[in-house]
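2 protein chains.
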Amino acid sequence: MHTVLQEIELTFRYPVHFTAGVFDLSNPLLRDVIAASGDLPARIVFVVDRGVVRAHRGLTSVIQRYCSQYPETMMLAGRVLVVPGGEKAKNHPGHVKDVQRAINNGGLCRHSYVAAVGGGAVLDVAGYAAATAHRGIRLIRIPTTVLAQDDSGVGVKNSVNAFGKKNYIGTFAPPFAVINDSQFLLTLSDRDWRSGLSEAVKAALIKDASFFADLERHASRLSGRDLTAMEETVRRCATLHCAHIASSGDPFELGSSRPLDFGHWAAHKLEQLTNFRLRHGEAVAIGIALDSTYSLLSGSLPEADWWRIIRLLQELGLAVYAPELRLHLHAPEHPRCVLRGLTEFREHLGGRLTIMLLRAIGKPYEEHEIDAGTMIRSIDILKQFSRRPELPEYPVDREKEHIHAKSERVAG
Amino acid sequence: MHTVLQEIELTFRYPVHFTAGVFDLSNPLLRDVIAASGDLPARIVFVVDRGVVRAHRGLTSVIQRYCSQYPETMMLAGRVLVVPGGEKAKNHPGHVKDVQRAINNGGLCRHSYVAAVGGGAVLDVAGYAAATAHRGIRLIRIPTTVLAQDDSGVGVKNSVNAFGKKNYIGTFAPPFAVINDSQFLLTLSDRDWRSGLSEAVKAALIKDASFFADLERHASRLSGRDLTAMEETVRRCATLHCAHIASSGDPFELGSSRPLDFGHWAAHKLEQLTNFRLRHGEAVAIGIALDSTYSLLSGSLPEADWWRIIRLLQELGLAVYAPELRLHLHAPEHPRCVLRGLTEFREHLGGRLTIMLLRAIGKPYEEHEIDAGTMIRSIDILKQFSRRPELPEYPVDREKEHIHAKSERVAG
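Heads up: the sequence lines are chains A and B, in that order. Counting in our numbering, the first sequence runs from 22 upward without gaps. Counting in our numbering, the second sequence runs from 22 upward without gaps.
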C-alpha cells in the first residue's frame, strides 16, 4: 500500500460591473472587459433570451453593430443565437446542444467568449453549455431580470432540469465577468420587476438587518418601479451575494450548509407543484414567508420581526401563499406534497438536512429537524393572507387534477 | 458605473491509493475511503467497464458481496451498471445519460458516491455524469489499465466526444479518491499493457531524467510483463502527474501552457485519423517520437538523446510511426492531415499555439511556431522505423479511401 495525497489550490477572480446601456456604441465596458485579457481579437458567440429580443426590437442588430465597432477586440463568430427564455428552456436538452453547436461552428477556444443576455434560465442554459464545451469557454453574463442581476447571475452555478427535477444537471463554474445593465429592467413586466425582490429580502434577512430596514423604507418606490431605488437594491443584494460566496469557505457547496438558500426548499418544490406557473422569485417569497412563520411558531423569531417580514413582502407586491402548499399534506413524502421538498432539498445538496431559520431579522441559524405539524400550522397561518386584493387569484378548488390541468394551461 | 471584484479560493484534496485486490473481502481500503467522510451509510453506484467484467468473471457479484460486508458504511444503490469500454463509449451521449439515470434512481446526493471501474474511457463517461448530476457526486476512480492508472485516472478531467472531436465536452472535476489496483493489470492484453507505458515515457521526458534512465534499465522486464516493474513504473508516473497538476499553478488549464501533453497534438489527431484503431497510448508514443524528432531537426535535442527516446519506445514494444501521418501533407489544414492537429490543439486549449519540445531528456521548453516543412521531414525520418518486425503491419496503399474504409472496419 502506498498513497499520494493530492492537494490542488485554485483562485477564481471575476468582476461584477453595474452599468446602463451596455450595447450603446458610446459604452466601452464590454470591449474593455474583453480587451483586458489579451489574445485579441477574441471570438464571441452571443446567446440572447427571446423575451429580451421581443422587448428590445433590433437588439440582435445592435449587438452586431457593437461588435463590428471593435474589430481589433472582438469578432462575432456566427449569428446571434436566440433561445427561448423561462424555466421551459431548461427542460429541453436541445437548447444546451444548440449553444454547444454554435460554439463549435464558431471555432471558439477556451480563450473565446460566450456572452449570455437574458433571464436566469437563459444564463443557466448558456452557462452550462459554455462550461462544458472544451471544458470551459469564458462566460460573460449579462442578466436582464432583477432576479438574475441580484442573485443567480452573479454566482458560480449553472444548471438544467432533468428527470423531472429542477437544476438536476449542472456545474459550478465561475463566470469570466458579469455585466448588470439597469436599462434592461425598464422593459420587465410588473411580475418580473417585483419577483426578483424576494432574493433581496432573503439576502437582507440572513445577512444585513440595515438592508432590510432600507427595503422597508423604499418599498413603495420599489413596487412603484423607481429605477434608482431598484439599482441601489440590485447592487446591494448582488454585493451581499458575492461576499457570501467568497467568504463562505465552501463556494462549490461540498459541505451541507447552504445559507444563501433561505426559504428555497419550499420554493423549488412550489415551482414544480405549480408547473412553473409561479416564477422562481414568487416561489421564494412564499418560501421566505413559510420559514419565517415556522421560525415564529418554533419560538425563535419574535412576532414583531415576523410581522415586518410578512408586511414587507406584501408591500413589495409579493404573495406569501399559494394553494399548492396544501396538496397532500397528510402524506409528507407524496411526490406532490410541498413537504417532500425537504427530502429533495437534502438529496440535492447531500449529507444531513440543513434548513436555515431565523432568530431575528439579519440573524439566521441552522436547523436539522423540521416538525411536519409545525410546518402545516405555518401553512394554515399564511393561508389567511391569500385573499389580499393585490395578490393573484388562485383556484379555490384544490382537487389535484383540477390544479394540475389549470397550471399546465397557464404554463403552456 | 460600479464594480465588485469577486475572488473565490478553493482547495481540493484527494488521495491516490496503490493497492492489490481492492474487492478482496480482506482489503478494507475502499470501506476506509468512504468511512472517513461521515454521512454513513453512504449510497454508492458502481459503473464497470464491460471489458473488465469479461476478463473478471463474477466481478459484479464480487462487488455486491464487498458492499454487503460493510452495511454500516456503504449501501449499493441499484444494480452494478456495466457500460461498454473504449473510445466508442465516449461517442454516444446515451452512456452519460445511463449513469445519470442510475444516480437519480439510486437517490444519490452530493455526499454519495459513484465508483467507476475501468479504462480511461469508462472513467471519463462516469466522471462526466457524476460531475454534472446534482452539480457533482463524489467520484471514486478505480482505473484498470496502465494508461488510466498512470495518467488520466489520477487527474482532474473528464470528457466525452462531440461534433466529431475527441474530448469536446467535459469538465474539470477532481475525484474524491483514486484507487489503483495492480491486479487488474494482469488481465490486460499485451497491447493495453504496453500502450500505457508511453505516458510514463512522456512524464519522464518532461519531468525526470532519472525516471527515464530507470525505464531504459527495466524496459525488457516491462515489455515482458513483470508486474513488480510495472507497479513501480505506474506509481512513479502517477506521482509525477499528480505533482505536476498540484504545482503547475494552472490545474484547470485557464492559461495556454499544457506541458503534460507533450506529443499529444499529433496523438489526438492520429486517433481520429485511424478511427481509433490506434489506442491513445499507441498514438502518444508516435506523437512523442514525432516531437522528439522535430526537436532534433530544429537543433535543440542532441542526437544521442533522440536515439535513446526512439530506442526506448521500441524496446517497450511501442511503434513510432503510422502511415496516417502522411495523409494530405500537401494541405496542412485538410481535416484529414495530421498537421491540422496543431490547429485543433490550439483551439481546444485556447490562446496562442504552445507546443512542448525537448532540449534534452528531462528538459522541455515551449515553442509557439511550428514549421510544417521540418515536421514533414520528421515524419519522413520516422517512416524508416515502420518496418521493424515487432511493429503491427499497416496497409501500404495510402489512398485515403482505402485506409478510411479499412480503419472503419477495424474500429467498427
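To be clear, the hints were calculated from the coordinates, so they are not data collected in a lab. Hints may contain errors.
When chains are identical, the list treats them as one kind, so a pair holds in a single copy or across two.
[Claimed, not checked] Okay, derived cross-link-like pairs now, DMTMM-like style, lysine to aspartate or glutamate, Cα gap no bigger than 25 Å in a straight line:
(1) 186 x 60
(2) 118 x 365
(3) 187 x 119
(4) 109 x 119
(5) 118 x 108
(6) 118 x 387
(7) 109 x 392
(8) 186 x 119
(9) 118 x 368
request  = Check each numbered hint from earlier against the structure, then list the numbers of those it violates in ascending order.
outcome  = Going through the list in order, the structure violates hints 6 and 7 and respects the others.
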